[in-house]
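Construct all of the structure, not just a fragment, from the sequences and the given hints.
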Amino acid sequence: MRATLLPAIVALAVVLAAAGDGRAEDAAPAKKLDSSELRDLYFGEALFQAYQGNYFDAISRLDTELTQYYGLDEPGLNSLFHHINSAEFDVGDFELYYRMHKRAGRAIKAVIEGNVAEEIRNEAIYRLAKIYYQKQQPQAALETIEKLQGKIPERLRLEEPFLRAQIYMENGKFPQAIELLTKLDSAVELKGYAGYNLGVALFLNGNEQQGIAQLEKVGLLESDDEKVLAMRDKANLVLGFRLLEAGQAQNAKVYLYRVRLDGPFSNKALLGAGWASAELGEFERALVPWTRLAKRNITDRSVQEVLLGVPYAYSKLEVHGQAAVKYGLALDIYSKEIERLDSSIASIRKGAFLKAVVREELKEDKNWLINLRNLPDTPETYYLAQMMASHDFQESLKNYFDLEELRVRLEHWADYLNAYDEMIKIRGAYYEPLLPEIEQRFRQLDSLMKLRVEQRDKLQARLKKMLVAPRPDFLITVEERTLLQRVTALEAALAAAGGGDAALRQRVARLKGLVSWKVDIEYDERFTRATEHLAQLDDHVKKLNEIYHSFVRTRQAATQSYKGFDQPLQRLRIKIRNAQEKVQILMAGQGHMIEVMAIGELEERRKRMEEYQVKARFAMAESYDRATKEKQEKQKDQPENTPDPGAKSAAEPAPVESGATPGGAAAPAVEVAPASPSAAPEPAGGVRDDRPADGVPAEPTPAPAQEPPPNTE
Amino acid sequence: MQMKKLIAMLFAACAVLPNAYAEQVSKEQIKGLDEQVQDIKKDVLEISAELNQLEEKLLYPSNTEIAFFVSLEKSSTLEPDAIELKVDDKDMATHIYSFKELEALRRGGVQRLFTGNVRTGEHKVLINIIGKSGAFKKTDNASYVVKKGVGPQFLEIRLTSSGVEFKDW
Numbered sequence: 001m002r003a004t005l006l007p008a009i010v011a012l013a014v015v016l017a018a019a020g021d022g023r024a025e026d027a028a029p030a031k032k033l034d035s036s037e038l039r040d041l042y043f044g045e046a047l048f049q050a051y052q053g054n055y056f057d058a059i060s061r062l063d064t065e066l067t068q069y070y071g072l073d074e075p076g077l078n079s080l081f082h083h084i085n086s087a088e089f090d091v092g093d094f095e096l097y098y099r100m101h102k103r104a105g106r107a108i109k110a111v112i113e114g115n116v117a118e119e120i121r122n123e124a125i126y127r128l129a130k131i132y133y134q135k136q137q138p139q140a141a142l143e144t145i146e147k148l149q150g151k152i153p154e155r156l157r158l159e160e161p162f163l164r165a166q167i168y169m170e171n172g173k174f175p176q177a178i179e180l181l182t183k184l185d186s187a188v189e190l191k192g193y194a195g196y197n198l199g200v201a202l203f204l205n206g207n208e209q210q211g212i213a214q215l216e217k218v219g220l221l222e223s224d225d226e227k228v229l230a231m232r233d234k235a236n237l238v239l240g241f242r243l244l245e246a247g248q249a250q251n252a253k254v255y256l257y258r259v260r261l262d263g264p265f266s267n268k269a270l271l272g273a274g275w276a277s278a279e280l281g282e283f284e285r286a287l288v289p290w291t292r293l294a295k296r297n298i299t300d301r302s303v304q305e306v307l308l309g310v311p312y313a314y315s316k317l318e319v320h321g322q323a324a325v326k327y328g329l330a331l332d333i334y335s336k337e338i339e340r341l342d343s344s345i346a347s348i349r350k351g352a353f354l355k356a357v358v359r360e361e362l363k364e365d366k367n368w369l370i371n372l373r374n375l376p377d378t379p380e381t382y383y384l385a386q387m388m389a390s391h392d393f394q395e396s397l398k399n400y401f402d403l404e405e406l407r408v409r410l411e412h413w414a415d416y417l418n419a420y421d422e423m424i425k426i427r428g429a430y431y432e433p434l435l436p437e438i439e440q441r442f443r444q445l446d447s448l449m450k451l452r453v454e455q456r457d458k459l460q461a462r463l464k465k466m467l468v469a470p471r472p473d474f475l476i477t478v479e480e481r482t483l484l485q486r487v488t489a490l491e492a493a494l495a496a497a498g499g500g501d502a503a504l505r506q507r508v509a510r511l512k513g514l515v516s517w518k519v520d521i522e523y524d525e526r527f528t529r530a531t532e533h534l535a536q537l538d539d540h541v542k543k544l545n546e547i548y549h550s551f552v553r554t555r556q557a558a559t560q561s562y563k564g565f566d567q568p569l570q571r572l573r574i575k576i577r578n579a580q581e582k583v584q585i586l587m588a589g590q591g592h593m594i595e596v597m598a599i600g601e602l603e604e605r606r607k608r609m610e611e612y613q614v615k616a617r618f619a620m621a622e623s624y625d626r627a628t629k630e631k632q633e634k635q636k637d638q639p640e641n642t643p644d645p646g647a648k649s650a651a652e653p654a655p656v657e658s659g660a661t662p663g664g665a666a667a668p669a670v671e672v673a674p675a676s677p678s679a680a681p682e683p684a685g686g687v688r689d690d691r692p693a694d695g696v697p698a699e700p701t702p703a704p705a706q707e708p709p710p711n712t713e
Numbered sequence: 001m002q003m004k005k006l007i008a009m010l011f012a013a014c015a016v017l018p019n020a021y022a023e024q025v026s027k028e029q030i031k032g033l034d035e036q037v038q039d040i041k042k043d044v045l046e047i048s049a050e051l052n053q054l055e056e057k058l059l060y061p062s063n064t065e066i067a068f069f070v071s072l073e074k075s076s077t078l079e080p081d082a083i084e085l086k087v088d089d090k091d092m093a094t095h096i097y098s099f100k101e102l103e104a105l106r107r108g109g110v111q112r113l114f115t116g117n118v119r120t121g122e123h124k125v126l127i128n129i130i131g132k133s134g135a136f137k138k139t140d141n142a143s144y145v146v147k148k149g150v151g152p153q154f155l156e157i158r159l160t161s162s163g164v165e166f167k168d169w
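Residue numbers (this note's numbering), protein chains in the order written: chain Y, 1 to 713; chain B, 1 to 169.
Calculated from the structure, these hints are not laboratory results.
Note that the structure is a prediction, hence the values are computed from the model and not measured.
Using N, Cα and C, we set each Cβ at its ideal position, and we do this for glycine too.
There's no promise every hint is true.
[Stated by the list, open to error] Here are the simulated DSS-like cross-link-like pairs (lysine-lysine), alpha carbons at most 30 Å apart as the crow flies:
{"hint": "1", "chain 1": "Y", "residue 1": "Lys109", "chain 2": "B", "residue 2": "Lys27"}
{"hint": "2", "chain 1": "B", "residue 1": "Lys27", "chain 2": "B", "residue 2": "Lys86"}
{"hint": "3", "chain 1": "Y", "residue 1": "Lys563", "chain 2": "Y", "residue 2": "Lys425"}
{"hint": "4", "chain 1": "Y", "residue 1": "Lys398", "chain 2": "B", "residue 2": "Lys57"}
{"hint": "5", "chain 1": "Y", "residue 1": "Lys173", "chain 2": "B", "residue 2": "Lys27"}
{"hint": "6", "chain 1": "Y", "residue 1": "Lys425", "chain 2": "B", "residue 2": "Lys90"}
{"hint": "7", "chain 1": "Y", "residue 1": "Lys102", "chain 2": "B", "residue 2": "Lys31"}
{"hint": "8", "chain 1": "Y", "residue 1": "Lys147", "chain 2": "B", "residue 2": "Lys31"}
{"hint": "9", "chain 1": "Y", "residue 1": "Lys147", "chain 2": "B", "residue 2": "Lys42"}
{"hint": "10", "chain 1": "B", "residue 1": "Lys27", "chain 2": "Y", "residue 2": "Lys355"}
{"hint": "11", "chain 1": "Y", "residue 1": "Lys135", "chain 2": "B", "residue 2": "Lys132"}
{"hint": "12", "chain 1": "Y", "residue 1": "Lys173", "chain 2": "Y", "residue 2": "Lys151"}
{"hint": "13", "chain 1": "B", "residue 1": "Lys86", "chain 2": "B", "residue 2": "Lys124"}
{"hint": "14", "chain 1": "Y", "residue 1": "Lys542", "chain 2": "B", "residue 2": "Lys31"}
{"hint": "15", "chain 1": "B", "residue 1": "Lys31", "chain 2": "B", "residue 2": "Lys57"}
{"hint": "16", "chain 1": "Y", "residue 1": "Lys450", "chain 2": "B", "residue 2": "Lys148"}
{"hint": "17", "chain 1": "Y", "residue 1": "Lys350", "chain 2": "B", "residue 2": "Lys31"}
{"hint": "18", "chain 1": "B", "residue 1": "Lys132", "chain 2": "Y", "residue 2": "Lys563"}
{"hint": "19", "chain 1": "Y", "residue 1": "Lys607", "chain 2": "Y", "residue 2": "Lys398"}
{"hint": "20", "chain 1": "Y", "residue 1": "Lys135", "chain 2": "B", "residue 2": "Lys100"}
{"hint": "21", "chain 1": "Y", "residue 1": "Lys543", "chain 2": "B", "residue 2": "Lys147"}
{"hint": "22", "chain 1": "Y", "residue 1": "Lys563", "chain 2": "B", "residue 2": "Lys148"}
{"hint": "23", "chain 1": "B", "residue 1": "Lys42", "chain 2": "Y", "residue 2": "Lys575"}
{"hint": "24", "chain 1": "B", "residue 1": "Lys74", "chain 2": "Y", "residue 2": "Lys227"}
{"hint": "25", "chain 1": "Y", "residue 1": "Lys355", "chain 2": "Y", "residue 2": "Lys458"}
{"hint": "26", "chain 1": "Y", "residue 1": "Lys135", "chain 2": "Y", "residue 2": "Lys183"}
{"hint": "27", "chain 1": "B", "residue 1": "Lys90", "chain 2": "B", "residue 2": "Lys132"}
{"hint": "28", "chain 1": "Y", "residue 1": "Lys465", "chain 2": "Y", "residue 2": "Lys355"}
{"hint": "29", "chain 1": "Y", "residue 1": "Lys398", "chain 2": "Y", "residue 2": "Lys102"}
{"hint": "30", "chain 1": "B", "residue 1": "Lys90", "chain 2": "B", "residue 2": "Lys42"}
{"hint": "31", "chain 1": "B", "residue 1": "Lys42", "chain 2": "B", "residue 2": "Lys31"}
{"hint": "32", "chain 1": "B", "residue 1": "Lys31", "chain 2": "Y", "residue 2": "Lys575"}
{"hint": "33", "chain 1": "Y", "residue 1": "Lys109", "chain 2": "B", "residue 2": "Lys31"}
[Unchecked claim] Quick partial rundown of chain Y residues pointing at chain B, CB under 10 Å, derived from the structure:
{"hint": "34", "residue": "Ala50"}
{"hint": "35", "residue": "Arg103"}
{"hint": "36", "residue": "Met423"}
{"hint": "37", "residue": "Ala469"}
{"hint": "38", "residue": "Tyr523"}
This is the structure:
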């Protein structure tokens, strides 16, 4: 039997170990970016979204930035250049969180194949191996992680060997895993996890004694961290069941009682603790944990099972009347449970389940899975917490949520496009009549400006020439020019009059000389002033150019604000419509799959309840028989007027002779109790602790309670 | 012996995850649908990126675009509850922070508070912060003149223990 049970232990250990997969992620400290290091604001915005769990928005922002970055002629000048490696990794990470493993894998492969530094390449290899590991492709994970060469980034100092050890375990390379985990056992960051996995690896490698010792060590860890405490509970639970299976019930109890009463494994521990006492024949003691467990939520399999365990213990204690009553109570509870299951199945078939779980308020924080457990106890959601124990169900439900989110987004975007269309029309209606007139005035001003600029250029050229060949006549004033014209006219008149009076000619010449002399003498000063005026003109021309370019940009912006959007909008509209159709089809498919899963699970539960019911019914009948016989025997032995101490209540049957054999074939009570003790593990902590289920009557405190109370830490 | 058999059954049952629906839904079906969901996510992300670019072009042309970002200094003890942004004495944006947003800011994320359009030239920016610093309520305000050029203008509003700092990008 031992040989056949070892795989079961191993399976349980692996299942429980798998529940700790998340630790590898949790152990990786979230990368903190000092905002003083930030060189690209939009990259910071993507992180802002990602840190809130808005992975769609984070990916979308980074995708946009990366597309723009790679579209640039000189990406080195872009601010994202400083974060480009991080951005490439982060987009892969965000895709992983958004459960887009295919795309994340491709992105990371591209980094590995690219021309990157050794550390970056090794980080990419680590991440790719992690994807394969998470997607349950251990062989691919192993091949990938073995490609690691050279320097490993410091922040993967613990994560890399921990992941490697997990991959080794998945591939059956236990000695290698043990070697790595032994080194990691003392790491504070992996407290509980490395030790627990080491214990499991030792078990799987056949080193049972070492495995027990290791798990015992983990089972005694001290911590305030809820996750570490959960690992401690796991270790104690596995050890307890292992020893129970090995026939060491007394030792098993020690470990099972170490499991916290409010932890995720408490139900199974209470059930196991009861069985440990029962195996020792201490049925009174078995009633202590079982009675406590029986008051918990009936949807838990351990609780369902213990409803048969409690009367079984009473029957073993020869308290057949009490056993019969308890079997009766169990029957009532199973009946109510079957009714509730029927109601849940009917409700799910009507589609109420999917409507209930996509409610927006549930997803307001990252603990949405826990929030789902807090839904009102409607028929469609009553068993949700139990169904969540299945990884496939959880993943399918997450997919459904994601599809619902996409549906809402697409719906909003379709509305946006309509608004943009309207906006473009309004802009067109405003600018269309204005632009022709503006365009005409612009052309006039443009030609005028060109003329003035040409004039200015000519002046500059002339001044430049005058530097080497002075031309004072170019710098005469209007007044001087008029004066000189008049002098010239006088000279002409004198010449026409035969030369005239010498004194007159001399006066005219003196006048001309005076003007020329003034022009010549002031030439340098005038030249300087002209240069200064040209510089002033340049300032005006500059301002004019600014206005000109601003006008050109504004005109262009006005035109671009309503032209050229038709095709992109049309393209987006088609894409959105196609995506909406696909989302609708996928939601129907995914929703149907979830409903099938849920109904399958509930029907299975119903079947089990019916089996329990049949067994409880037989056991109850037998207990009544025995109680009646017992009573009759006592009546025979006692005088008629003596009160019967066995008749505790009116409900209790009359004592009869008890001739039934507890373990025999004719004693279904013995077989009944653990006949189908299928308490599925709930690694995610699917327990509503100490919440009495509807219809579960308060259990009387069992007689002896000398057992050390379970650890209530 | 009977007891051991029963415990073994219990133990084996504990080790197996519920798969009551295995007959109705195969692993291949689950995987196939999951891959289709991944494909549609990829398609929708592409639409989102395209829409982002279109919106930027349509709503915020580069010659008028101005965006305001909020960051929190790593060592800052300030916990903003709300922020108000005014540009040229006009209310532009107000925001009340959720716990998740505060945590994201603390971890180095940068919030895009507001994106809008302004003319080129100088604009007066006024920030009002209401929050806590340690156990005390803290209000702070700061002003800054941002010069909008012809290209897109980004302004980082950095919240520090000593007050509000501005950085042009």
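These are the hints, each one checked on the structure:
With a C-alpha separation of about 26 Å, the suggested pair Y:Lys109 and B:Lys27 falls inside the 30 Å cut-off, and the hint holds. Proximity of B:Lys27 to B:Lys86 is assessed by CA-CA distance (about 56 Å); at most 30 Å being required, the pair is judged violated. Straight-line distance between C-alpha atoms of Y:Lys563 and Y:Lys425 comes to about 10 Å, which keeps the hinted pair within the 30 Å bound. Distance hint between Y:Lys398 and B:Lys57 is unfulfilled; the C-alpha atoms sit about 34 Å from each other, more than 30 Å.
For a cut-off of 30 Å, the pair hint linking Y:Lys173 to B:Lys27 stands: about 26 Å separates their Cα positions. This hinted pair checks out: Y:Lys425 and B:Lys90 have alpha carbons roughly 28 Å apart, not beyond 30 Å. Of the pairs offered as hints, the one joining Y:Lys102 and B:Lys31 holds, with about 12 Å between alpha carbons and a cut-off of 30 Å not exceeded. Of the pairs offered as hints, the one joining Y:Lys147 and B:Lys31 holds, with about 27 Å between alpha carbons and a cut-off of 30 Å not exceeded.
Of the supplied pair hints, the one linking Y:Lys147 and B:Lys42 holds, its CA atoms being roughly 29 Å apart against a limit of 30 Å. Restraint check: the Cα-Cα separation between B:Lys27 and Y:Lys355 comes to about 25 Å, which is no more than 30 Å; the hinted pair holds. Under the criterion of a C-alpha separation no larger than 30 Å, the hint pairing Y:Lys135 with B:Lys132 is inconsistent with the structure, at around 44 Å. Between the alpha carbons of Y:Lys173 and Y:Lys151 the distance comes to roughly 24 Å, so the proposed pair stays at or under 30 Å and holds.
Distance check on the hinted pair: B:Lys86 and B:Lys124 sit about 8 Å apart at the alpha-carbon level, within 30 Å; holds. A C-alpha spacing of about 66 Å is found between Y:Lys542 and B:Lys31, which places the hinted pair above 30 Å, so the restraint is violated. With a C-alpha separation of about 39 Å, the suggested pair B:Lys31 and B:Lys57 falls outside the 30 Å cut-off, and the hint is violated. Of the pairs offered as hints, the one joining Y:Lys450 and B:Lys148 holds, with about 28 Å between alpha carbons and a cut-off of 30 Å not exceeded.
A C-alpha spacing of about 26 Å is found between Y:Lys350 and B:Lys31, which places the hinted pair at or below 30 Å, so the restraint holds. The suggested pairing of B:Lys132 with Y:Lys563 is violated, with an alpha-carbon distance near 49 Å, which exceeds 30 Å. Of the pairs offered as hints, the one joining Y:Lys607 and Y:Lys398 holds, with about 28 Å between alpha carbons and a cut-off of 30 Å not exceeded. For the proposed pair Y:Lys135 and B:Lys100, the alpha carbon gap of about 29 Å is at most 30 Å, so the pair holds.
Under the criterion of a C-alpha separation no larger than 30 Å, the hint pairing Y:Lys543 with B:Lys147 is consistent with the structure, at around 18 Å. As the CA atoms of Y:Lys563 and B:Lys148 are separated by approximately 25 Å, the hinted pair is consistent with the 30 Å bound. Straight-line distance between C-alpha atoms of B:Lys42 and Y:Lys575 comes to about 12 Å, which keeps the hinted pair within the 30 Å bound. For the hint pairing B:Lys74 with Y:Lys227, the CA-to-CA distance comes to about 27 Å; that is within 30 Å, so the pair holds.
At most 30 Å may separate the alpha-carbon atoms for a hinted pair to count; Y:Lys355 and Y:Lys458 exceed this at roughly 80 Å. Taking the CA atoms of Y:Lys135 and Y:Lys183, the gap is near 26 Å; set against the 30 Å cutoff, the hint holds. At roughly 26 Å between alpha-carbon atoms, B:Lys90 and B:Lys132 fall within 30 Å of each other, so this suggested pair holds. Note on Y:Lys465 and Y:Lys355: the hinted pairing is violated, with a Cα-Cα distance of about 88 Å set against a maximum of 30 Å.
Proposed proximity of Y:Lys398 and Y:Lys102 is supported: the alpha carbons are some 17 Å apart, at most 30 Å. For a cut-off of 30 Å, the pair hint linking B:Lys90 to B:Lys42 is broken: about 40 Å separates their Cα positions. Note on B:Lys42 and B:Lys31: the hinted pairing holds, with a Cα-Cα distance of about 17 Å set against a maximum of 30 Å. Under the criterion of a C-alpha separation no larger than 30 Å, the hint pairing B:Lys31 with Y:Lys575 is consistent with the structure, at around 25 Å.
Using a Cα cut-off of 30 Å, the hinted pair Y:Lys109 and B:Lys31 holds, with the two alpha carbons roughly 22 Å apart. Checking Y:Ala50 against chain B by beta carbon gives a least distance of about 8 Å; that is within 10 Å, so the hint holds. The interface hint given for Y:Arg103 is met, as the beta carbon of that residue sits about 6 Å from the closest beta carbon of chain B, less than 10 Å. Satisfaction of the interface hint for Y:Met423 is found here, the shortest Cβ-Cβ separation to chain B being roughly 7 Å, below the 10 Å cut-off.
With a cut of 10 Å, the hint placing Y:Ala469 at the interface with chain B is violated, because the nearest CB-to-CB distance is about 43 Å. Interface restraint check: Y:Tyr523 against chain B, minimum CB-CB distance 44 Å, threshold 10 Å, status violated.
Violated hints, in rising order: 2, 4, 11, 14, 15, 18, 25, 28, 30, 37, 38; the structure is consistent with all others.
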